[in-house]
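Chemist: Taken in sequence, the protein lines are chains A and B. Quick note, the first sequence lines up with residues 1 to 208 if you use my numbering. Quick note, the second sequence lines up with residues 1 to 91 if you use my numbering.
It should be emphasised that the hints constitute simulated quantities derived from the structure, not laboratory data. Any given hint might turn out to be false.
[Stated by the list, open to error] Derived lysine to any residue pairs resembling SDA-like cross-links, with alpha carbons at most 20 Å apart:
| no. | chain 1 | residue 1 | chain 2 | residue 2 |
| --- | --- | --- | --- | --- |
| 1 | A | K88 | B | W72 |
| 2 | A | K88 | B | A3 |
| 3 | A | K88 | B | P34 |
[Unchecked claim] Facing chain B, a subset of chain A residues (Cβ under 7 Å, in silico):
| no. | residue |
| --- | --- |
| 4 | V33 |
| 5 | I35 |
| 6 | V45 |
| 7 | Q60 |
| 8 | S77 |
| 9 | L82 |
| 10 | E85 |
| 11 | G90 |
| 12 | H191 |
| 13 | F199 |
Note that beta-carbon positions come from the ideal geometry of N, C-alpha and C, so glycine has one too.
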Amino acid sequence: MNEVRRLQPQFPTLARQRDADHFGMLIFLSTEVLIFGGIFAALFVLRAQHSAEYARSSTQMHYWLGGINTAVLLTSSAVVALMVEAVKAGAARLAKWLILGAIALGLAFVAIKFTEYALEYRDGVVPLLSPAHLHAGPDTLFMDLYFVATGLHALHVFGGLTLLGSLIWPFGRARRDTSAVFAGNAALYWHLVDVIWIFLYPTLYLAR
Amino acid sequence: MKAVRTILVAWVALLALLALTIAASFAPIGQVLPFVSYGIAIAKTAIVVWIFMEMRVRDGLQRIALATGFAWLAILLILVLADNLTRGWTP
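Chain A on its own, in the form it takes in the complex (with noise of 0.2 Å):
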């Protein structure tokens, strides 16, 4: 991408340009840290004050297919730091290849993660649509703060895939710049979803 490449006259030189970009994306990452931080602090409040209710409805979840999709964002985030070492090496093709491998395991996730959501509607644990097994109280807060959560990291999982894409078209070029400033971004981006799953899977669905 040539916009990255050529130096921009705020910066004395190409090396702290660069910097300054991994350097604005890791601080908005850190605000996205936090806003998952409020509602794992939420989550942590009712797990404290209602353990009974908590565990029951933690072990509702169907925590198989979640563990499932924690390999897939795993694998998925192992990819796409392979994808930027081809892009530092200069293998612009390979690096194509490996962001459609890991698109295609992010798509894996949203599938399987609908499926879940599928499952719970059946099982009759979704608050206000299908609450014919819910108990209301604890039981209705944790499906609530279940729906959040995961909503909005299917989300950002939605736009960790848009950033993955744009590496193909129609930032295609940046897979040539091989200081990878915009591909590094983009793994940053992918990487810190999969972290923020990585506390989830273990609150929502592992607390018995």
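We have chain A already, so just place chain B on it with the hints.
Modeler: Using the frame of chain A, we list chain B on its own:
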């Protein structure tokens, strides 16, 4: 190629930790489970941040930029739980 090997080793370690955290949730350890679960989650995060997010090769300023979010999160969680977990302590 050393970088590729590092990434693959990290990936295997992450999947092993995932298996461990699922297994631990079925172990009869009661109250200790959250500490085990979050201990493993922190270990997985360390691997992702250090190797996948390349913090091992970034300079100090970039490491601080990412650490900032977690530092503020720690303040939030410590203060929230300091309130919530101690409410029953005084009559």
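Chemist: Close enough to count: is the Cβ of L82(A) nearer than 7 Å to one in chain B?
Modeler: Holds: closest Cβ of chain B sits about 6 Å from L82(A), inside 7 Å.
Chemist: Does the interface hint hold: is V45(A) within less than 7 Å of chain B, judged Cβ to Cβ?
Modeler: holds, 5 Å
Chemist: Double-check H191(A) for me: the hint is only fine if its C-beta lies closer than 7 Å to a C-beta in chain B.
Modeler: holds, 5 Å
Chemist: Would you mind confirming whether the straight-line C-alpha gap from K88(A) to A3(B) stays at or under 20 Å?
Modeler: Answer holds: K88(A) to A3(B) is near 11 Å, not above 20 Å.
Chemist: Does the closest beta carbon of chain B sit nearer than 7 Å to the beta carbon of F199(A)?
Modeler: holds, 5 Å
Chemist: With a cut-off of 7 Å on the beta carbons, see whether G90(A) makes it to chain B.
Modeler: violated, 14 Å
Chemist: Would the hint on E85(A) stand, with a C-beta cut-off of 7 Å toward chain B?
Modeler: holds, 5 Å
Chemist: Next item in the hint list is V33(A). Is there a CB on chain B closer than 7 Å to its CB?
Modeler: holds, 3 Å
Chemist: When the nearest CB of chain B is found for Q60(A), is that gap smaller than 7 Å?
Modeler: violated, 14 Å
Chemist: Can you verify the interface hint for S77(A): is its Cβ closer than 7 Å to any Cβ in chain B?
Modeler: holds, 5 Å
Chemist: Does the nearest C-beta of chain B fall within a distance shorter than 7 Å of the C-beta of I35(A)?
Modeler: violated, 10 Å
Chemist: Would the pair K88(A) and W72(B) pass a check requiring their Cα atoms to be no farther apart than 20 Å?
Modeler: violated, 33 Å
Hints 1, 3, 5, 7, 11 from the earlier list are contradicted by this structure; the remaining hints agree with it.
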